[in-house]
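J.: Each chain is listed here by its residues.
Number of protein chains: 2
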Amino acid sequence: MPDTIPLAPPPDAADLLHRRHRVPAAPPPGWNDVLATMLAHRSVRHFRPDPLPAGTLELLVTAAQSASTSSNLQLWSVVAVAEPARKVRLAQLAGQQAFIAQAPLLLVWLADLHRLEALAAARGVAVEGTQFLEEFVVGVVDAALAAQNALTAAESLGLGGVYVGAMRNLPEQVATELALPPHVFAVFGMAIGWPDPAVDGDIKPRLPIEVVLHREQYRAAPDTAEIGRYDTTLHGFQREQGMREVDWTAQCIARVKDAAALRGRDRLRAALRALGFALR
Amino acid sequence: MPDTIPLAPPPDAADLLHRRHRVPAAPPPGWNDVLATMLAHRSVRHFRPDPLPAGTLELLVTAAQSASTSSNLQLWSVVAVAEPARKVRLAQLAGQQAFIAQAPLLLVWLADLHRLEALAAARGVAVEGTQFLEEFVVGVVDAALAAQNALTAAESLGLGGVYVGAMRNLPEQVATELALPPHVFAVFGMAIGWPDPAVDGDIKPRLPIEVVLHREQYRAAPDTAEIGRYDTTLHGFQREQGMREVDWTAQCIARVKDAAALRGRDRLRAALRALGFALR
Numbered sequence: 067m068p069d070t071i072p073l074a075p076p077p078d079a080a081d082l083l084h085r086r087h088r089v090p091a092a093p094p095p096g097w098n099d100v101l102a103t104m105l106a107h108r109s110v111r112h113f114r115p116d117p118l119p120a121g122t123l124e125l126l127v128t129a130a131q132s133a134s135t136s137s138n139l140q141l142w143s144v145v146a147v148a149e150p151a152r153k154v155r156l157a158q159l160a161g162q163q164a165f166i167a168q169a170p171l172l173l174v175w176l177a178d179l180h181r182l183e184a185l186a187a188a189r190g191v192a193v194e195g196t197q198f199l200e201e202f203v204v205g206v207v208d209a210a211l212a213a214q215n216a217l218t219a220a221e222s223l224g225l226g227g228v229y230v231g232a233m234r235n236l237p238e239q240v241a242t243e244l245a246l247p248p249h250v251f252a253v254f255g256m257a258i259g260w261p262d263p264a265v266d267g268d269i270k271p272r273l274p275i276e277v278v279l280h281r282e283q284y285r286a287a288p289d290t291a292e293i294g295r296y297d298t299t300l301h302g303f304q305r306e307q308g309m310r311e312v313d314w315t316a317q318c319i320a321r322v323k324d325a326a327a328l329r330g331r332d333r334l335r336a337a338l339r340a341l342g343f344a345l346r
Numbered sequence: 067m068p069d070t071i072p073l074a075p076p077p078d079a080a081d082l083l084h085r086r087h088r089v090p091a092a093p094p095p096g097w098n099d100v101l102a103t104m105l106a107h108r109s110v111r112h113f114r115p116d117p118l119p120a121g122t123l124e125l126l127v128t129a130a131q132s133a134s135t136s137s138n139l140q141l142w143s144v145v146a147v148a149e150p151a152r153k154v155r156l157a158q159l160a161g162q163q164a165f166i167a168q169a170p171l172l173l174v175w176l177a178d179l180h181r182l183e184a185l186a187a188a189r190g191v192a193v194e195g196t197q198f199l200e201e202f203v204v205g206v207v208d209a210a211l212a213a214q215n216a217l218t219a220a221e222s223l224g225l226g227g228v229y230v231g232a233m234r235n236l237p238e239q240v241a242t243e244l245a246l247p248p249h250v251f252a253v254f255g256m257a258i259g260w261p262d263p264a265v266d267g268d269i270k271p272r273l274p275i276e277v278v279l280h281r282e283q284y285r286a287a288p289d290t291a292e293i294g295r296y297d298t299t300l301h302g303f304q305r306e307q308g309m310r311e312v313d314w315t316a317q318c319i320a321r322v323k324d325a326a327a328l329r330g331r332d333r334l335r336a337a338l339r340a341l342g343f344a345l346r
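So the sequences go chain by chain: A and B.
FYI, the numbering for the first sequence is 67 to 346, going by my numbering.
FYI, the numbering for the second sequence is 67 to 346, going by my numbering.
Just chain A, same shape as in the assembly (with noise of 0.2 Å):
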């Protein structure tokens, strides 16, 4: 094959699952570069300037598209940017994040509803059902799926990347540069290219696994022993990164306190609404 791009060697399994919960793992029951390259995953924001290898585009949405999708529906779809100028206009409006006209790729992942009305209407048909609310959780699902997996599959090559959720900051501005028709949603968007190795951020620490990991029913106190240790941890990783130290529950509070804290996307109903979504 041209272009060969090589995967490095698998690393060890106990140090990868240590670096994401940072206690001491036990031997898990099987391992493969599948799981160490999820297991290995940082989000991306600086690229070197190269360009992808040609089909590389092309194999990250055959990698998408063989996700799950409801009903095989493929209720999606994704507009690929590299035009410099477009990437521009784009990052303006997402929050002004330099990365996205920096990277070689953007892609842009929708929830449409569009192709299938449209193909009804060739066929003379009115549907009714791309109005209510189920079809847009299924759009944002059947994108979200092939998302990951595009981007697992960018990682798998030696790739990195981002997703973009500030591509929702002004729904309906995306949709007029991007040229979306009534009925597609720009769920997020996603930075693809080589990572810059002068600056390589570490695995993020997550939640314990059994505070996201409930048994048979929800235990619906969060065990706050189990939170405070991991304020702790995210303490040590910010250090560590050289980045401010924050509280994890502090800032994810400060997130979601109110209206404003969501920075326009308090007004998404409204955008979708003038996009079309009836939301029924």
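Worth flagging that the hints you see were computed from the coordinates, not collected in a lab.
Mixed in with the good hints there might be a few duds.
Identical chains share a label here; the pair holds if one copy fits it or two copies do between them.
[Unchecked claim] Taking lysine to aspartate or glutamate and the EDC-like style, the derived pairs with C-alpha atoms no more than 16 Å apart in a straight line are:
1. Lys153 with Glu282
2. Lys270 with Asp313
3. Lys153 with Glu311
4. Lys270 with Glu306
5. Lys270 with Glu311
6. Lys323 with Glu194
7. Lys270 with Asp297
8. Lys153 with Glu194
9. Lys153 with Asp289
10. Lys270 with Asp81
11. Lys270 with Glu238
12. Lys153 with Asp99
13. Lys153 with Glu243
Every value quoted in this text rests on a predicted model; they were computed, and no experiment measured them.
With chain A fixed as given, assemble chain B onto it according to the hints.
T.: Quick look at chain B alone, frame taken from chain A:
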């Protein structure tokens, strides 16, 4: 490592790419076990009765936690259901699908705004941002990214699984069964187990890549020639699999024709309101 599950050797790249789109594929710019695992995905609905090796659940959840999460809020949880009687009851709530009770493990993936609200309440803070549609979308996307990692991880270990969207048929009853507090929503289920080798479905072809991939801007009119080719491709696939032959376009249109076609999920908005989601 005990109970090591061997990874099968990766099938040929050209073969897997062809089976996904049923057209001759250009050589990809890279290939590895990660791509092979994702490209080989098929939904598995028939399971051997064998249990999963010890530690599998924790490994899948660690893979899930390694996925990106908006602002590290981690607005998701998962309930692992293994008790036979509970699986039977959940199967009854989710479209009477027998494989849900047959699988050794049922994962129910949750958009979870409760945990953060409870942490805030413990600090004497009332948060308002979780009342907005935006944070519902964040929870749904977080749950979907996590779930997709878990399914890919399972497949890398030789396990199989399938998403269960019918977990949204009766959201309030599912919430009662799983003791979900307000502001927690079961987005979908996922049945996981060892695939029954006697019932071995093939890789389902997806839409031609140029139908879902847009370059720089959205092309509003779907290419009817490409869609017609896909209808033909799926007819061929259905014949191969001994399935009833149905036109993909007609099947999709029927699935979203009207409120009745949504099989109860047309009341999702009312159900979410009952579960405490204001969706402002």
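J.: Can you give me the call for lysine 270 and glutamate 306, within, between, both or neither, at a CA distance of at most 16 Å?
T.: within (11 Å within a copy, 46 Å between copies)
J.: Give the relationship of lysine 270 and glutamate 238 under a CA distance limit of 16 Å: within one copy only, between copies only, both, or neither.
T.: neither (33 Å within a copy, 35 Å between copies)
J.: What label fits lysine 153 with glutamate 243 when the C-alpha limit is 16 Å: within, between, both, or neither?
T.: So lysine 153 and glutamate 243 pass the 16 Å test inside one copy only (10 Å; across, 47 Å).
J.: When no copy is named, should lysine 153 and glutamate 194 be tagged within, between, both, or neither for a Cα gap of at most 16 Å?
T.: For lysine 153 and glutamate 194, the Cα distance exceeds 16 Å both inside one copy (35 Å) and across copies (33 Å).
J.: Given a CA cutoff of 16 Å, do lysine 153 and aspartate 289 count as a within-copy pair, a between-copy pair, both, or neither?
T.: neither (43 Å within a copy, 26 Å between copies)
J.: When no copy is named, should lysine 270 and glutamate 311 be tagged within, between, both, or neither for a Cα gap of at most 16 Å?
T.: within (14 Å within a copy, 48 Å between copies)
J.: When Cα atoms must be at most 16 Å apart, do lysine 153 and glutamate 282 count as within-copy, between-copy, both, or neither?
T.: between (46 Å within a copy, 9 Å between copies)
J.: My question is about lysine 270 and aspartate 297: at a cut-off of 16 Å on alpha-carbon distance, are they close within one copy, between copies, both, or neither?
T.: within (13 Å within a copy, 44 Å between copies)
J.: Indicate which option fits the pair lysine 323, glutamate 194 if close means a Cα-Cα distance not exceeding 16 Å: within, between, both or neither.
T.: between (36 Å within a copy, 6 Å between copies)
J.: Taking 16 Å as the upper bound on the Cα-Cα distance, should lysine 153 and glutamate 311 be classified as within, between, both, or neither?
T.: Cα proximity of lysine 153 and glutamate 311: none, with 32 Å in one copy and 44 Å across.
J.: Can you give me the call for lysine 270 and aspartate 313, within, between, both or neither, at a CA distance of at most 16 Å?
T.: Result: close within a single copy only, 14 Å intra versus 46 Å inter.
J.: With identical chains, the pair lysine 153 and aspartate 99 could be close in the same copy or across copies; at 16 Å between alpha carbons, which is it: within, between, both, or neither?
T.: So lysine 153 and aspartate 99 fail the 16 Å test inside a copy (33 Å) and across (32 Å) alike.
When held up to the earlier numbered hints, the structure conflicts with 3, 8, 9, 11 and 12 and fits the remainder.
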